[in-house]
Structures are given as C-alpha cells and as structure tokens.
Amino acid sequence: MKTENQKAWFFVLPVLLLVAFNALIPMMTVVNYSVQETFGDNVFFWQGLDWFQQILRSDRFHAALGRQFLFTFLILIIEVPLGIAIALSMPRQGIWVPVCLVLMALPMLIPWNVVGAMWNIFTLPDIGLLGYTLNHVLGLNYDMTQDPIAAWVTIVTMDVWHWTSLVVLLSYAGLVSIPDAYYQAAKIDGASNWSVFRYIQLPKMKTVLTIAILLRFMDSFNIYTEPFVLTGGGPGNSTTLLSIDLVKIALGQFDLGPAAAMSLIYFAITLLVSWLFYTLMTKDDQN
Amino acid sequence: MALELRSVTKRVGGVLHIKETSLTLETGHFNVLLGATGSGKTSLIKLMAGLDPIASGALLMDGQDVTRLSTQKRNISLVHQFFINYPHMTVYDNIASPLKVAGMAKSELDDRVQDAAKIMQLTPMLHRRPHELSGGQQQRTALARAIAKESRAVFLDEPLANLDYKLREELRDQLPDLFAGRGAVVVYATSEPEEALLLGGKTALMQNGRVTQFGPTADIYRNPENVAAARVFSDPPINTATITKQGHEARLGTDVSWTLEGAAAGLADGNYTIAIRPHHVVPVAKAAGLVKLNGRVQVTELSGSESSAHFDLSQSGAASSWVSLSHGVHPYKVGELHDFYMDPRAAYVFAPDGSRVA
Chain A
1 MKTENQKAWF FVLPVLLLVA FNALIPMMTV VNYSVQETFG DNVFFWQGLD
51 WFQQILRSDR FHAALGRQFL FTFLILIIEV PLGIAIALSM PRQGIWVPVC
101 LVLMALPMLI PWNVVGAMWN IFTLPDIGLL GYTLNHVLGL NYDMTQDPIA
151 AWVTIVTMDV WHWTSLVVLL SYAGLVSIPD AYYQAAKIDG ASNWSVFRYI
201 QLPKMKTVLT IAILLRFMDS FNIYTEPFVL TGGGPGNSTT LLSIDLVKIA
251 LGQFDLGPAA AMSLIYFAIT LLVSWLFYTL MTKDDQN
Chain B
288 MALELRSVTK RVGGVLHIKE TSLTLETGHF NVLLGATGSG KTSLIKLMAG
338 LDPIASGALL MDGQDVTRLS TQKRNISLVH QFFINYPHMT VYDNIASPLK
388 VAGMAKSELD DRVQDAAKIM QLTPMLHRRP HELSGGQQQR TALARAIAKE
438 SRAVFLDEPL ANLDYKLREE LRDQLPDLFA GRGAVVVYAT SEPEEALLLG
488 GKTALMQNGR VTQFGPTADI YRNPENVAAA RVFSDPPINT ATITKQGHEA
538 RLGTDVSWTL EGAAAGLADG NYTIAIRPHH VVPVAKAAGL VKLNGRVQVT
588 ELSGSESSAH FDLSQSGAAS SWVSLSHGVH PYKVGELHDF YMDPRAAYVF
638 APDGSRVA
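First to last, the protein sequences are chains A and B. So in this note's numbering, spot 148 of the first sequence is number 148, and the numbers just go up one at a time. Plus 287 on top of the position in the second sequence (first one is 1) and you've got this note's numbering.
Hints may be right or wrong, so weigh each one.
Distance windows between CB atoms, simulated [to be verified]:
id, chain 1, residue 1, chain 2, residue 2, range
1, B, 302, A, 92, 43 to 49 Å
2, B, 302, A, 206, 38 to 44 Å
3, B, 374, A, 237, 47 to 53 Å
4, B, 294, A, 206, 43 to 49 Å
5, A, 92, B, 642, 42 to 48 Å
Covered stretches of chain A, going by a simulated chain B footprint (3 or more residues, C-beta under 8 Å) [said to hold, decoys possible]:
id, segment
6, 149 to 159
7, 188 to 202
Just so you know, these hints were derived from the structure itself, not from any lab. For every residue, glycine included, the Cβ atom is placed at its ideal position computed from N, Cα and C.
With the rest of the complex left out, here is chain B (with noise of 0.2 Å):
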C-alpha cells in the first residue's frame, strides 16, 4: 500500500491553503507530518481523506487514482486531537460501527472488536457510553476504532496531544506496535519534534502550507536542508546567528571568532546563518576546540536531569539570544554574566536565502 501526492493543492476562498506538495508515503513505518499549529498538517491529511476537496493535483492510493473518490469509499480511518465517538453508542458498538457499515459478519465483527479493545485495555468499559469514559479511555475508543477496521489508510491528527503526559507517554509507545505489519500507510500529525524522533519512520516538515522536507526521521533531524528544517526539528529552538566568513575565519557579532573546518572553510567569503541545537552549547568546556561566548542570563529552567538557560549575546556583540541545554543541575543566575561554549563543528551553515551550505 502506499499513498501518494501528485502536486496536490488546497483553496480556501480564493487563498493557498496547502501549496503544492508531492509525496509517496509507504507503509511498514509511520509517516509523520511535524509542523508547528498551522502549518497545513491537519489540512493535508483533510485532503488525503477526502473531507475536503483537492484543488489540483492528484492523490493515488496503490496507483489508483483517488482524487474524486468519496471519503465513504476510500476505506481510511481518523483518530482526531479531539475524542470524537458516538456518544449514543456503547464503547462496543462505537468501535464496531465502521465494521457494521461494511457489512462484516457478526462472529468476525466481535472478534475483532475485542481484539481492539483487548489491545487498548477497553475490555471492561465495552457497555459504557463514551461520556462515562476519562478522556484517554474516550480517545482510545477513537483508536481502537481505527486498528478493529482494515483500513488501508490510517491517519493519526495530533492523536496525543489532549493526553496527560502519563498516557501520552504509554501510548506514543505503543503506536509504532499497533499498526506494525498492518499494511496500511499510517500518517501521524504532531507539532513536537521530540515525539517524531520517538516514532521513528519518516518525517515530512511542513511549514506554511509547505512540505519543506521529507526523509527518514533521523536523517532529517542530523541534516536539515534549510534554516527552515533546522528550526522545526528543535525543542528547544534551535539557536541561530549571522556569522562574517573571511577566510578560514568565522567572526560572530564583534567579539566572538573560530577557526572553520571541513565544508565551511572551503566556502566564498561573505554572511552565513549558523544554527547550532541547544546541548551543543554548554556552561563547561569539556573538550578541546569549542568557541566562547559570554552571555547575560535570562531565563533558566531546571527540567529533572537538565538545566537550560537562555542567554543574550549582546555582550559579545550579537544581536541573539540563545539556549543552552546541559546535562546536570547548573546554579545559574538571572542577570548575571556567563561563559558558554559551543561546539562549532556541531553547527549547520545556511546561506542567505536559507539552504544548507555545509
């Protein structure tokens, strides 16, 4: 099975909603659309399920073309943010309802509804109503809905993200299990980074109604392609500035120089964006050939076993502010001056108009 996106687009009301995007998505692994609130993933997946009409281009299911297929007929499933069940219905009937449509005999129904339910530890709540659910039972009512069903497409709308963390935790987990050897192309939608890792598979980022890169997950965490990439795969942001190259040297606000290496030091001279994830720059320097900065504490956050601290580099002649993220708890104060050090190896080099350079 594997779905794919033919220069697809979406209007509404005369304006651009998603631009044109072509993707194949394949399954075996989760396809994860990550975007930040707005960014068109809800939009697109809108699209793929047909609940909303494609403006141009064209979207094939194994080759088919599907474009002017009705949602009814495509044979897909949708777990939204939101808990939606039937709230009439018991949790048994809501989760059969997709099969009772289909027709499906009623000894192979039951063993596949509670099959679902065994799987998402519903088997006690089977006779209860939706409304006498918490609301990590009601959603995976909602789940369990779409693995009872034989769908060819799965798609997951931020499925988590009105979870307590527990469960979010429990069932981000567990997903990757559930739909494995399944045949069906999974697309899971989430705005933090940090769970698009965790699922594995692929990653499609999308920015303003844009598909702005897509490849396995890993790869485009290690190689952003642009400024853009780098700043959605990051939690905390990324941390970003202009550099002057002259040289072999990279000169950081008026203060701050290094030496550049490897595939940056072979570029023209002139200005670059550096951006250099938050644990590459730390508040010791443990090793050899990272670059000083001294800074002015902002804010600072002790999460566990990490400090971060967000810093402003005009002290050093930079018009940023960054983050450091370190192992440990380190005794920040607000206000006060601190030494940071970053590792400039660890750091993309972006040109101008914002595509990777080195």
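Chain A with its partners taken away, still in its complex shape (with noise of 0.2 Å):
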C-alpha cells in the first residue's frame, strides 16, 4: 500500500522559499514591467505584446545585438584556439606546472571593475604604457576615446587578456588525463603530431572544451562591466553592447516596459544559442 505523507513539502519549501525570492518574483516582476507601461506613483497601463513588437523593431537594438553577436564571435574565435595552443604547449609534469597554472588563473582573479580601470589607464594616449608606446614610439595614431577600430580592438584584446585563460586551464585538464599508452599507440600507427591532436587530444578534450565555449559565450554575450569601464559604450554608440544599451534605456531613460521587454528577448537569445549549441556538441554521445 502507498504511504501518504506530506512531509516532504516542507523539506522543499526552504529552497522554494529562496529561489522565488530572487530568481522567481524579480523574473515575475521583468515579465509584469514588460507587458505595461509605468508611470510615478505605481500608476500602470496594459500594454499586451507592445513593448516586444517595439523592441523587435527597432534599429537601435538590431545594432547593439549586432555589436553583441560580432564581440562574441571575436572572442570565441581567439580565445578557443589560443587557448588550446597554450595548453597544448604548457608542460606536463615538473616543477613549472603550478608555476603556469598560477600564472593562468591571475586574470581571472581580477575584479571586472578593475580589469577595465586598469585596461582604461594602460590605452590611455599620455600617460597609458600601451597607449604611450603606440602613439609617440611606434607613431601610430591609437586613441580609443576617438576611434571605433581602436576600441574594439581594445576592448577584444582585454577580454583575451581576462578570459583565454579559463581555456587554457579547462584544455589543459582534458590533455593531461589522457594516458600515455594512447600517445604510444598514436607514435606506432604513424601518426603525425596533427593526426595525435586530431584523433587523440581533442576528441579526448571535447567535453571540457564544450563547457568551456558554453561558458566565454554566456559570459561574453551578458559582458558588462569591462567596457562600461573601459569605454562606456562609446565613442558614439561603436561599443554599445546589448547590456550597456539595456541598462541606457532602464536606467537612462528609466523605460521600465522597454527596457523589460528587452531584457526577457535578451535572455531568451542567451537561452537559445546556449541550449543549441549543446545539444549540437553532446549529439554524437547520446548516439
């Protein structure tokens, strides 16, 4: 016979309790902004689907997702091979692997805010060491203040510096499990150094290289801080990420309803390439 019993709810209902008090009522909260509009004293107007049909519509946000899918691509494109590159020729055993992994996970550990601060102070044109050295030794006229090209490079250039490195540490996980004896087998079929990466390390590397390109798209395509920092979405609008547009029209202009109807199709984008490309990734396992 079955036993009812309810007690079980209560051993969920601490963590029903804490996940609606920030994830599902501040989720809850974008949804009732996105489909209203506010007005002062909590005054608010049903606004059906409008907000989305603006949103969707509108050539500033094509741009800033442009920006954002364009910045996301470039850092992907980097990062994921520099960072097999250097895990691939970062030694194996001996006294300079802690020395390396160290070395690696500095970045990381870097607040946001300062990474950008220090980024802003290095490019600055005067007093900036690498914007000091292009400008009056090499002679070349960098200038990010001014200059879409030089932003962009610059802000690319940081995120490399901030996050190849996650990269890095996860390949190189994936290549030092490998055996030996899968080396030895490779050496005696032949094998060239292309055909060991290609038939041995990076099938072997797969899993945590997938993790890996999950987390620098996630994290790239919500980036915030650093170029907020960095160039504040300028010059013009040449650096204007999806988040720094969200928050402009948020906080800038305080359109609450655009603003969250935006958040929730930037957040279902996210969703989106995310679930896609793992689903792509892991369908060879599953068969």
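Hints are included, so try docking the two chains, each in its own frame, into the full complex.
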C-alpha cells in the first residue's frame, strides 16, 4: 500500500522560498513590467506585447545585438584556438606546472571593474604604457576614445587577456587526463603531430571544450562591467553592447517597459544559443 | 627481416634498467621474452619500439641502424597487456587507423581491415565503439590492428594476460598461425613458462634487466645454462637443494645420498646446487634408481589430472621445501610424513656461482 505523507513538502519549502525570493519573483516582476506602461505612483496601463514588437523592430536594438554577436564571435574565434594552443604547449610534469597554472589563473582572479579600469589607464594615449608606446614610440594614431576600431581592438584584447586562461585551464585538464598509452599507440601507428591532436587530444578535450565554449559564450554575451568601465559604450555607440544599451534604457531613460521586454528577449537569445550549441555538441555521445 | 640489438642498455634516472643486451631476433618463428614481472620485458620492448631512448648500443633492422629513428618511421606494431584502442573510433576505424596514416588506397584498406576482422572474428562488431565490447573483443581489435598493418616488427607485450582463461587458450593457439609467413619479427613477452613452450620458436630468458639465456625454446627448457634459467623456466618452481659430492656419492642433507652417474660423476669434490623439476619428484616409485626422500606435507593442490604437494625436507636434514607433481589423484594429508622419490638423472647440477656443470 502506498504511504500518504506530505512531510516532503516541508523539506522542499526553504529552497522554494529562496528561489522564489531571488529568482522567480524578480523574474516575474520583469515580465510584469514588460507588458505594461508605468507611470509614477505605481500607475500601470496594460500594454500587451507592444514593447516586444517595438524592441524587435527597433534599429537601435538590431545594432546593439549585431555588435553583441560580433563581439562574442571575435572572442570565441580568438580565445578557443589560442587557449588550446597554450594548453598544448604547457609542461605536463615538473616544477613549471604549478608556476604556469598560477600565472594562467591570475587574470581571472582580478575583479571585473578593476580589469576595465586597468585597461583604461593602460591605453591612455598620454600616460598609459600601451597608449604612449603606440602613439609616441611606434608613431601610430591610437586613441580609443576617438576611434571606433581602436575601441573594438581594445575591448577584444582586454577580454582575450582576461578570459583565455579559462579555456587554457579547462583544455589542460582534458589533456593531462590522456594516458601515455594513447600517445604510444599513435606513435606506433605512425601518426603525425597533427593526427595525434586531431584523433587523440581533440576528442579527449571535447567535453571540457564544450563547457569552456559555453561559459565563454554566456559570459561574453552578457558582458557589461569591463566595456562599461573601459569605453562606456563609445565612441558614439560603437561599443554599445546589448547589456550596456539595456542599462541605458532602463536606468538612463527610465523606460521600464521596453527595458523589461528587451531583457526577456536578451535572456531568450542567450538561452536559445546555449541550448542549440550544447545539443549539437553532445548529440554524438547520445547515439 | 631481422632485429638486432648490439650491446643495448637503458637508463632511467641514472639507474641501469636494461643491462648490456645483445640479441638477434628473426622472422619465421616467435621470439618469446620470458621473465617475471619487473624483469625488463616491457622495457626491452619499448626500447625496440623506440618509445624509450637507448642509452648506449645500437638497434638494427635488416642491418640498417634505427637507433635514432623515431617510432613513427619504424613501421612496427605493438599490442599491450591493457586493451589500447581509440575510444571515440569504431572497431573498423581502429583497425584502419595505421593504414589511413600510411595513406593506403581505400579499396585495399577495406580489404585489409575486413580480412583482419574476419581472422579475429570481429566482423559483426566493426561498427561498434571499443567501450561496447568485452575485454576479449577489445584485445582482438588491438591484435587485428597489428595484423592489418604490414609492419616489420610486431611486439606483443603479455597480450593475453588480462583475458579470461578460455579465450587466452584459444588466442594462444591462433597466434603463431596469424603471424606465420608475414615476414615480420614477432616478439612476445610473457611471464608464463607454459606459454613460451606452447608458442615454440626461440626464447630469451630475462632476469633483472638482463637476458640470461637465448635459444630455441625447447633447448632452453631442456638445458638451462644456470640456476636462474632453470628457475624462470619452471611452473611450479623448480626444486633446488645444496648437495655435497664426495667421490661418486652425492649427499643431500644428512640422510639422503645416491651414486652420481654421467657427467656429474666426473666433477671435483665439493658443494653443488641441484635443480630438479617437480614432475621428476613423485610419490610412488615406478622405476629403478630413484632416490627416496622423506618430507612433511605442507600444502597440497589438485588440478584435475595432476596432484601437487609441497613438502618440507628438514626431516631428511636438508633446509629446503620441495614440490612434487604427479599424474592422477594422490591422497596427501597435510602435516603427515610422506615418502617421495626423485630421479637423480633428471637433476641439473650447478656450481656455486650458478653456472651449469652437469
């Protein structure tokens, strides 16, 4: 006979409350804003899906979304191969292993706004080390507050500097888990270094690389702090990524309705791309 | 094809792992490396495969010096004790991998893979991944890879050690045929003397990183050159004891003595070590000229058609424990005194330095 017992609910309740308080209710608030027009004194007017339509049709949103995808694409196309290359050239044993690992981990340990501030000062044309060297030693015309290209090069370089280590460390973990016997087998088969990489190292790194790419995608797609501190979205709107634009709409213009609709669209895109990527990468394993 | 080692040594962190070794391994028969775990069989194979560097000496393939040649260019195969296959590839791709690397044409590659799979009875599993196979099937995949590739040398490092008994016997029977007429030098490492005898060919006995004796397997079994060789090549372990020779009489302990014959009779008086295989020590005297020993039974084992007994010779005044192996079922009682009979004509006699004298 089945035992009827409702006690289990009490065990789940604390978690439910916590999740409701920190995720569910705020999320529903956003949903609430996204379908209404707000005025002062908490006066709301039903707006339906108008804000969503407005956002999806707005050129400003398209431009920011385009910049966001470009940024994420550049980041991934640079950081993933670079991270793998660095992981491959790191020593597998000996006293240099911990040294390399610590050096690799350092950039990731720095607070994000500090990274932004560091690079801001670093690239100042008159007193920053990089800015000064480029302008006054190499004679280049580099000023990211004036030149959109320079601004893009700088934010991409900064992110590469900050986050390539994550790809390195995850790839390295995958590499060291490969038993020597596989390398021996490959040598005996007569395999070249490229074949060893293609048929032994890459398949063994696949799981961790999937996670690395997923993390880098989500992080770079939602990036806010560093570019905000570094360029503030400028010059003009050239580095106004989605998150920066969102904050401008929500807190600058105080358009809570459109901002809420935009956050939900933003969230849906992040979720959809992550899901697509993960499903594609793990499809093989399920068969 | 011949594989020649000239005064080859291997060093690991200043320690000599393989002491100066010279050997010529030829095609047409199995070359067995026989030795206990840690005797240097795998080390020697890795040297020949080029996976570990040779500290001094030279390795020649068909007279060509390959000491410094990379493993990739040596054109060899190696099957490990542990089943090493590429986990993300199908059985087919695993077998095909060395051929693909060599750039073989698709139709020939397919023929080779299908042939090897057929011999190893893997045809129905060609599209599975290694983790979907049993241990025996995985090892057969590794063997199929070695067969499909037309290599100059095939190294089999205890390939059957991790297989179950039945499969081991089956594969052991097939192995010599698989590599017959392929023109590759086949080197087979094992720790089981019985396996060496079954595979035939030549055997190199290995002890502590040294090849102690090399020659046709049956010859080594019949004529061990030293105590070490006699010990390695016996399972259960060969019985040894110190005897004292005086005139034509040999004395074992205080109570046992017999008259020496043949070459042993002509030796100078003094102490010698004799070694005698367990099946020459039997519980019933069926022939003339056997020497009676009285010992206390310590352990008995019954393995189907054979009975073995470990017995303590201190009863006869000798400080040794011996093993008797005989056909049929013998009712030993542990702790009981029992008579055993040894055939002194079957005993090897060694000088105190371990070298064979009779």
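Hint check results:
no.	hint	in the structure
1	B/302 to A/92: 43 to 49 Å	violated, 22 Å
2	B/302 to A/206: 38 to 44 Å	holds, 39 Å
3	B/374 to A/237: 47 to 53 Å	holds, 50 Å
4	B/294 to A/206: 43 to 49 Å	holds, 46 Å
5	A/92 to B/642: 42 to 48 Å	holds, 46 Å
6	149 to 159	violated (count 0)
7	188 to 202	holds (count 8)
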